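S.K.: Chain by chain, the residues:
4 protein chains.
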Amino acid sequence: MNYQQVINQIAGEILSEKVEGNVATYIPELGKIDPNKFGVYLRTLSGESVAFGESEELFSVQSISKVLALTMAFNLLGEKLWERVGVEPSGTPFNSLIQLEYERGIPRNPLINSGAMVICDVLMDFYDDPLKAFIDFVRDVSGDASIHYNEAVAQSEKAHGFRNAALINLMKSFGNIRNPLDEVLKFYFYQCALEMSCKQLAQTFLLYAGHGKHPVTHQEIISVSKIKRINAIMQTCGFYDESGDFTFKVGLPGKSGVGGGIVAVHPGHFSVAVWSPCLNEKGNSIRGIKFLEELTTETKSSIF
Amino acid sequence: MNYQQVINQIAGEILSEKVEGNVATYIPELGKIDPNKFGVYLRTLSGESVAFGESEELFSVQSISKVLALTMAFNLLGEKLWERVGVEPSGTPFNSLIQLEYERGIPRNPLINSGAMVICDVLMDFYDDPLKAFIDFVRDVSGDASIHYNEAVAQSEKAHGFRNAALINLMKSFGNIRNPLDEVLKFYFYQCALEMSCKQLAQTFLLYAGHGKHPVTHQEIISVSKIKRINAIMQTCGFYDESGDFTFKVGLPGKSGVGGGIVAVHPGHFSVAVWSPCLNEKGNSIRGIKFLEELTTETKSSIF
Amino acid sequence: MNYQQVINQIAGEILSEKVEGNVATYIPELGKIDPNKFGVYLRTLSGESVAFGESEELFSVQSISKVLALTMAFNLLGEKLWERVGVEPSGTPFNSLIQLEYERGIPRNPLINSGAMVICDVLMDFYDDPLKAFIDFVRDVSGDASIHYNEAVAQSEKAHGFRNAALINLMKSFGNIRNPLDEVLKFYFYQCALEMSCKQLAQTFLLYAGHGKHPVTHQEIISVSKIKRINAIMQTCGFYDESGDFTFKVGLPGKSGVGGGIVAVHPGHFSVAVWSPCLNEKGNSIRGIKFLEELTTETKSSIF
Amino acid sequence: MNYQQVINQIAGEILSEKVEGNVATYIPELGKIDPNKFGVYLRTLSGESVAFGESEELFSVQSISKVLALTMAFNLLGEKLWERVGVEPSGTPFNSLIQLEYERGIPRNPLINSGAMVICDVLMDFYDDPLKAFIDFVRDVSGDASIHYNEAVAQSEKAHGFRNAALINLMKSFGNIRNPLDEVLKFYFYQCALEMSCKQLAQTFLLYAGHGKHPVTHQEIISVSKIKRINAIMQTCGFYDESGDFTFKVGLPGKSGVGGGIVAVHPGHFSVAVWSPCLNEKGNSIRGIKFLEELTTETKSSIF
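Chains as they are written, first to last, in our numbering: chain A, 8 to 311; chain R, 8 to 311; chain D, 8 to 311; chain W, 8 to 311.
Don't take each hint at face value.
Identical chains blur together in the list; that is why a pair holds if it fits in one copy or across any two.
Simulated crosslink set (DSSO-like; lysine-lysine; CA at most 30 Å straight-line) [unchecked claim]: (1) 87 x 307; (2) 256 x 193; (3) 193 x 165; (4) 87 x 25.
Worth flagging that the hints you see were computed from the coordinates, not collected in a lab. Quick caveat: nothing in here was measured; it's all calculated off a predicted structure.
So that you can see chain A by itself, here it is in the shape it has in the complex:
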């Protein structure tokens, strides 16, 4: 498979069409991004790398970070994690309080905001400095020590995070948060404010394509069984209320962020990251989904 040729062609077609949608604006810092940015990076387990466009430019990974935090928490706590968060698709918009109230403070899955806050709370029980522990993990897996949090974005999230504050207070009222709310929110906001490039993301997510082994050292970071389960959660829950549609169109486990990034993995084969900031009404990158749909169609790489 000549991935470079396929990617050039698909990207070329997509860039030839006018970009639709809008960049996220609820976090002011994100609203400043050029909507025409576009990058792709694909890494195969056999060592091949393919780049296109602004593939090394940093952007706010936002909810993509939820997969990484989940990986740490599942590795540390094992099956007991599922007493505090479910593995079912949410079926409602990503920040809805309705289902959370109905299900008495247990988030439907760890890839929606409420679930990710529970994951933060879990990690805080294991680390004195969870912000450092988290970025150390990301730097280790990505093999890139330069990765960092964007301070301005983190502050911007804090100043506008009233819905997230509502979510965490509601969970606290049901007893599903143990650490001080302010500290959990701070960890959560910084985690969302992680900045990475498509190249760094693709490298990092080889962990998920490669059955839990470190992309470079090939040491086991997390068991095959656990990594398969995380991939399964990405498949059913990775795109908020558009998860079924992404599965239907792209046929790979993946995760999106409101910064316009998407990562997807073909277990046993490759990881791929794409970045384009314009979002559809469900909060997912329009060109990102389009690109991945074409990619799996052209390369016949849907897992189904």
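Chains R, D and W: place on chain A using the hints.
M.R.: Quick look at chains R, D and W alone, frame taken from chain A:
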């Protein structure tokens, strides 16, 4: 992989434990089934067959039939089908009217009751005798002309189908049903009353493992692209409000029915059917899920 | 209090403004009504009568009939009635299935569609010919033997009553309907198709202003205690999801219908009926509410 | 009417039966109250006073205070108040976030927690020291300068108010709170922690029975029109999801608090306060409702 040995072992362990749960009772005919029944049938694309227990005994496939009807409708109508039914997991119990009202008569996906009725309505636009067309399709793919509807079950469904009548009337009020309601319901009830064995189901679902090709003649029945998308829908929507959990535990696309049957497929490799009538509170076979979880763990055949 | 003078003035002002809103169209027969129709009739317990406009023209009373049927059922069954229907405001649009499913087939109150169907079902246990029993009751209380059902409207309701069919099937699935669904729906549709004038309505609702006594013979038809409770239900539930607003603005128990009629009662003093077919988005007569708000303000007759 | 005799008799009967239900425990301070406390105080506009039991003992008025704050805010802001809070019954439990999210941050009415916080926010725009302004108002109307906030209860509310924090953050995310959240919550918690006796409450609520006039000086504090509207809101919204039932049984506008107090008014006639701390599952005083139901039955004082 010695599937027979693995299956014997897993099934032996499962049968050594007391059966939990209850058989479905809302349809009186289903309530008469012996809760200890247990059968397995696995077919590989390479021609291998493995059987265990009551693998050739007929049972009511119930919602498993929804996948077969969807296949016919998607083949006939193509992408226009998705104007009338979605591809998102439902996030609420399988017969809930709440989401259907909220989304103005468009069912979330074709594998919940409301969605399956829309599929029936679609098929009725193409066939004068949809009941005959449906069973002809099943007999053709399964290669077994003896397959039939169970008349007593079909009548039993009609007599107790008030929730389904509520669903179809609600969809009609939003304009999403075109044929006479009584006739759509009749088709739907007969479809659910289809009787098949694990062996027949495994044979039939080679279609989905085998990229849309007839299990015997290898002629294309439906395109690779379409069959992958149906597998994707099974993955995210095949187990009502337990779809995420099945994906998490088993890692294969599949579909359950309240008759206690489950089919799952490993694309490119095999199809497998299991039958055990005792259901958990979400309406899925307890031993069936347990068996498939062990099977994919032992054979490392999760698609993730 | 010179009611005639007050009513002339208020009605004059209202008619001087352009009529807003739209007549109900979901029942085709109702869509044919001239939107400029306007009638008022007020009757005091002391025998005074005041008329304005088309006060003797017949119109479709629609949901106003629910109060009359409730009165019969409460009188017959007593407190046991509340095992099958509640007395709480609905808090959701008038034909919503959501709350009905959540509350397992027990309608919130007898003045929403689902509740009124339960009332129909109750009456059918007492009468061989409930349609005759119902109209006999209305003719007796109103003192007008010419009152009748409009056959064209009743047929029109039947042909478009899919939401009502959804509601009754849902209640049946929870066991809260005992008689054949077709017959209950037929009774319900005819009841809604009752035709009365403002004059007839005002006369009839003296029953509610007059503590349960027949407006002409003064014999007790229903106990003081029961009639006060029916007035209380009108106060909290008479205007669907606008009941709080009507109570806030008008301050009298009342009931509206999508035919554009409203009746209200001032216990111990008077009953009043107003008719203007243009409805707001909540299904209540715009001019009707406006008129009554002005009337209670001018005459200081709010019960609060 | 010999109120003393009637009240003695009803209270005697109620006290002869074993008290059911439980005192509120979600605020630890309230959980310490003796469940057998019982007091009644009735004041007529003509100057009569009737007391029974612990009618002069202070208790936590909790949500009853919402009526007093609403009165101040409606008086200050007029009709513009209804742009920020509705007048419809809530139809869901008193602290539900579901409806608030669905209706985009506009509380259904000012007598549920979310609505009362909006009222607090409104008052903070008018007063530098809203806590002082509020208690000054209460002291003035009640004619009792000794009335105060219970500091321990206020602190207890703050420490356990996670649901209220969720509510206010959600409203803030929709832009319906203007002042700093901590300060609004503080005002709200102190307001709930107001301590009054049945005697003080009955005296204060003569304002509502007496058409807006000061109980002692008879000066107009709020217009007749506004006080009638506040009574109307109490009628439809005063008892959370039991408002319809209270209206049905008692037939007077009223307001309950989880401290076990209830006040009710018969416009033009009397105000009455009753206190008994044991609550039903909807959070309203069991004996309090029972007492008022008997009182209006015996004295025929339902407004309907």
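S.K.: Now look at each hint and say whether the structure bears it out.
M.R.: A quick look at each hint next to the structure:
1. Proximity of residue 87 to residue 307 under the C-alpha cut-off of 30 Å is restricted to the inter-copy arrangement: shortest distance 23 Å between copies versus 37 Å within a copy.
2. Within a single copy, residue 256 and residue 193 get their C-alpha atoms no closer than 35 Å, and across copies no closer than 33 Å, so neither meets the 30 Å cut-off.
3. For the identical chains of this complex, residue 193 and residue 165 are neighbours both inside a copy (7 Å) and across copies (21 Å), given an alpha-carbon limit of 30 Å.
4. Within a single copy, residue 87 and residue 25 get their C-alpha atoms only as close as 47 Å, which misses the 30 Å cut-off; across copies the closest is 25 Å, which meets it.
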